[in-house]
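K.L.:
Chain by chain, the residues run as shown.
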Amino acid sequence: MMDRSGAITYPMTWKKPPYIKNGSIRRSIYFFSALYLAAAFGTMDVNWTRVAEGLPRAERFLDAFFPPNFADNRGVVWDGIQESIWMAIISTVAGILLSVPIGLGAARNLAPKYIYLVNRAIIALSRTFPEIILAIFAVKLFGFGPFAGFIALSIGTIGFYAKLLAEDIENMSEDQAEAIKATGASWFQWINYAIQPQVMPRMIGLSVYRLDINFRESAVVGIVGGGGIGATLNTAFDRYEFDTAAAILLIIIGIVMCLEYVSGFLRNRVQ
Amino acid sequence: MPKIDRSSGLSWRKHTTKKELTIWLYWLIGLSIVTYAWNLISEKTIWFFVQDAGTQAIDIGSRMVPPKLSYMDKLWQPVWDTINIATIGTIIALIIAVPVAFAAAKNTTPHPLIRTIALFIIVSSRSVNSLIWALILVFICGPGIFAGTIAIGLRSIGFCAKLLYEAIEEIDHNQVEAIQATGASRAQQMLYGIVPQVLPTFAGVGVYRWDINIRESTILGLVGAGGIGLQLNGSINTLAWTQVSMILLVILGTVIISEWISAKVRHAII
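Protein sequence lines, in the order shown, are assigned to chains Z and H.
In case it helps, the numbering used here puts the first sequence at residues 851 to 1121.
In case it helps, the numbering used here puts the second sequence at residues 179 to 448.
Be aware that a few hints might be false.
[Unchecked claim] Derived Cβ-Cβ restraints for the label pairs, each shown as a range:
#, chain 1, residue 1, chain 2, residue 2, range
1, Z, Pro951, H, Asn217, 23 to 33 angstroms
2, Z, Phe882, H, Asn285, 35 to 45 angstroms
3, H, Gln255, Z, Ser878, 43 to 53 angstroms
4, Z, Arg1117, H, Ile447, 37 to 47 angstroms
5, H, Ile295, Z, Trp898, 29 to 39 angstroms
6, H, Thr195, Z, Gln932, 49 to 59 angstroms
7, Z, Glu1017, H, Pro378, 33 to 43 angstroms
8, Z, Tyr886, H, Asn217, 24 to 34 angstroms
9, H, Thr233, Z, Arg907, 42 to 52 angstroms
10, Z, Arg1117, H, Pro374, 28 to 38 angstroms
[Unchecked claim] One-sided and incomplete, this derived list gives chain H residues near chain Z with beta-carbon spacing under 10 angstroms:
#, residue
11, Ile207
12, Gly232
13, Tyr249
14, Asp251
15, Ile261
16, Asn262
17, Ile269
18, Ile273
19, Ile274
20, Thr286
21, Ser308
22, Leu315
23, Gln358
[To be verified] Using 20 angstroms as the maximum straight-line C-alpha spacing, the simulated SDA-like pairs for lysine to any residue come out as follows:
#, chain 1, residue 1, chain 2, residue 2
24, H, Lys192, Z, Asn1042
25, Z, Lys865, H, Ala356
26, H, Lys192, Z, Ala1035
Please keep in mind that the hints were generated in silico from the structure rather than gathered at the bench.
Quick caveat, the model's predicted, so the values are computed rather than measured.
For each residue, glycine too, the CB sits at the ideal point set by N, CA and C.
In isolation and in its complexed conformation, chain H is listed as follows (with noise of 0.2 angstroms):
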């Protein structure tokens, strides 16, 4: 602990002077790259427009309320679409990112090589947004709830396999031994010994990961793949503003149920 001697006596300091020097260098550092980063950002904006953007706000805000009830008919449709997107979507997750998953936890994986490869599958559903995944698919099979729904499940396979197979490296290996030692063979190994272990989680991931795929889902429509995303863009397109509000009241309200649900799932599970 460094102590400084004073002319008032013994006083106490957090860190020593080189430490203190280090710490105004990171600083120094950190403040530099946000100037520069601010400086590039705002060569780009035009400041009229940010200036205005109080008196818009103003605007925009009292032409949403009050929010267009009777919209709700036409809403049913596009929720009830929205939803089966996010679930349909994490089960086709789920059933990809099981095998994936056993083949990139160091303990069950068949062969190195094999690990890199679902590790790579990992990381490039992960780093892919559902959304950029949606624009690719509405390419290739045409806009819709087909569209959508592959992408949910193909940007979901990276999150669930990722802690699928983080729990099954950390599974309790007494039990896989008990197994192996009455001669099971290594598919009942895994069957007996390493799946009871790791259903939890699954469960839980996934129910966790559908929550996430419903606020997702709300937005896909932007680029033509389905859901409530769809209306909530011609709707601004058309600058209905009572219609958006509506929408936006309802993502809300999906969102809360969705987050409601999943939370009192995971809580019966663990």
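Isolated chain Z, as found in the complex (with noise of 0.2 angstroms):
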């Protein structure tokens, strides 16, 4: 850089560049971001003596923890973990069975183009409504119990593996794909020997994950009438059981981690 004397200066202070380069957009962000805010809070209806009301029972909460009351209703939450994990599991392998059909049909370089929507159409339907939502109806429809908390977790199981078996089917290498096609392989041997060797792996940590997703989704069902421990955690809830409540939670909060545990060991495994 030169002065108008014709020596040279050099910059002594530096500034950092902005995030977003463009200034007027970046101003406009600022400008709807606050504007956004602003509005938001101020259509929020806080009722602050109600909240400041709640503290003595938070802390009433957080001595339940203090300790945790395993004791007492240890048959009922015995009932409920179990069927929880029994509800996590054969809901994972149902969701799977059916996904697998679904998966490859919604794969576009599998299945012929009217296949494909109507299999993308399943997966879009059964991804956008949140469980709970399922397992409301599924509740209605085949009344209380783990059974419509089973209905529920399948199809949300569905939504979620379909979908990334499709794309990892249309991601994989085509060449392994045409040299069995080559050697004269019938559609399901090509199906077993070419595409299943290839996206198995990644299927194999998936169906873990969705496991341990399925699990603490069955914690929840229970609120809606589904079963599971979900249910024993309401009941704890509305009978102010709260040494209960918060033994149920971190035993949730366990499995939870050895859950996670287990399919980051087995991940690493197989791929």
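Could you use the hints to bring the two separately framed chains together as a complex?
P.N.:
Spelled out as structure tokens, the structure:
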């Protein structure tokens, strides 16, 4: 840089370049964010006196964690946990069994256009609604109990697993598929020897991950009547038995931690 | 590659006999677990209701059409609340997730003990579903949007902090070293060496979580934590099926729009 007298000067200060380079876009993003936040907070109707009243309740709830009460309702809690675990396992298995044909049909490089569209529509539909809403309807149709939860979680699994399976198949290497085809393999042999080995490692990892999700979800479908530990937890809250509720929450956290560890271990092994 | 001699000549098999037996054993264990689980579930099922489900589905389905379009007038406010719960909840989560992520990343944590605490915060926030958080918070601070927002915030901390600390652990250390060589303090190293590297991930994670939170905040009303779930619960309880189908349509629309926005923004960032 040269100043007017011709001597060379160097800039002595430096400013971090802004993240969004275009000035007017940056300013309008800031402006509209501020406007939105003002509107959002302005319409948020918070009853602060009620919140303040809640503080001693929060204290009571936290007290319940020291120590949590595992003993008093042991039978009910154990039943609920078992129900949740079995529900998670069986809905993962059923969901994956249903996902395989749907996933194969939703892969653009395997299926003709109309089959592809039908299967994509099934995936989109089962993905949109949260498991709880599916559970509400399952409870209406199949009655209270774990069967309703099982149906809701299976449908949720289809939306997750079939979509990822289809995407994985679409991203596979075409060379191997062509090589198997060149040997004169039938369609089933082609799927079994060319496509399945390519997608299998990732799919095993994902199925354990989905088991983990299904267990977590099975803890809440009980709130709307879908069975499992959620029902027990809800009852504990309704009866103000916070020490039992705390125990249930700790058990859920413990099981989820174990599942996460197992799924990490399995994924490392198969990949 | 195992080969077998048959009278018809050499043929190829995928696995050795030993491996095949192990695979069969795994299948056997898996199948027995599933059968056992199925027995347990079916014991607790009233099969009469399940057989009846088809007629029930047709019945409810016929009651749900046509959706009551005029009900939309009463839905604008809940939809606005739902979006606010998701957005403000995500902002709260991001603000708390940043220090937690820096404490949990191996290369920025001040002390291993603090790292353990941060990891515990992440796990417990992730394992408890937002609906359970909402259940607790409705009891503590009363029904309404406030409980829902905090529930979404608490649930999202773990998710955002986990993805963020993984990004921090994977940064390019040369850049941090270069900043260090200029004589920068530890805070300056973080600000100029690490933050610019993880900022795109941060924005991406925030938008992704916002999209998930829109979906989750539609159901928080079921336990009284505000949003459109409140109307859904009320309509189902009063058997107003045309309102239910209208609400489901609105949820569908909101979710699709938020997914579209999230995909656009993430595409623009990355």
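K.L.:
Now look at each hint and say whether the structure bears it out.
P.N.:
Okay, the hints, checked on the actual structure:
no.	hint	in the structure
1	Z:Pro951 x H:Asn217: 23 to 33 angstroms	holds, 26 angstroms
2	Z:Phe882 x H:Asn285: 35 to 45 angstroms	holds, 36 angstroms
3	H:Gln255 x Z:Ser878: 43 to 53 angstroms	violated, 27 angstroms
4	Z:Arg1117 x H:Ile447: 37 to 47 angstroms	violated, 27 angstroms
5	H:Ile295 x Z:Trp898: 29 to 39 angstroms	holds, 31 angstroms
6	H:Thr195 x Z:Gln932: 49 to 59 angstroms	violated, 38 angstroms
7	Z:Glu1017 x H:Pro378: 33 to 43 angstroms	violated, 22 angstroms
8	Z:Tyr886 x H:Asn217: 24 to 34 angstroms	violated, 53 angstroms
9	H:Thr233 x Z:Arg907: 42 to 52 angstroms	holds, 45 angstroms
10	Z:Arg1117 x H:Pro374: 28 to 38 angstroms	holds, 31 angstroms
11	Ile207	violated, 12 angstroms
12	Gly232	holds, 9 angstroms
13	Tyr249	violated, 17 angstroms
14	Asp251	violated, 17 angstroms
15	Ile261	holds, 8 angstroms
16	Asn262	holds, 4 angstroms
17	Ile269	holds, 8 angstroms
18	Ile273	violated, 13 angstroms
19	Ile274	violated, 17 angstroms
20	Thr286	violated, 19 angstroms
21	Ser308	holds, 9 angstroms
22	Leu315	holds, 9 angstroms
23	Gln358	violated, 17 angstroms
24	H:Lys192 x Z:Asn1042	holds, 11 angstroms
25	Z:Lys865 x H:Ala356	holds, 17 angstroms
26	H:Lys192 x Z:Ala1035	holds, 15 angstroms
In terms of the numbered hints stated before, the structure departs from hints 3, 4, 6, 7, 8, 11, 13, 14, 18, 19, 20, 23, listed from lowest to highest.
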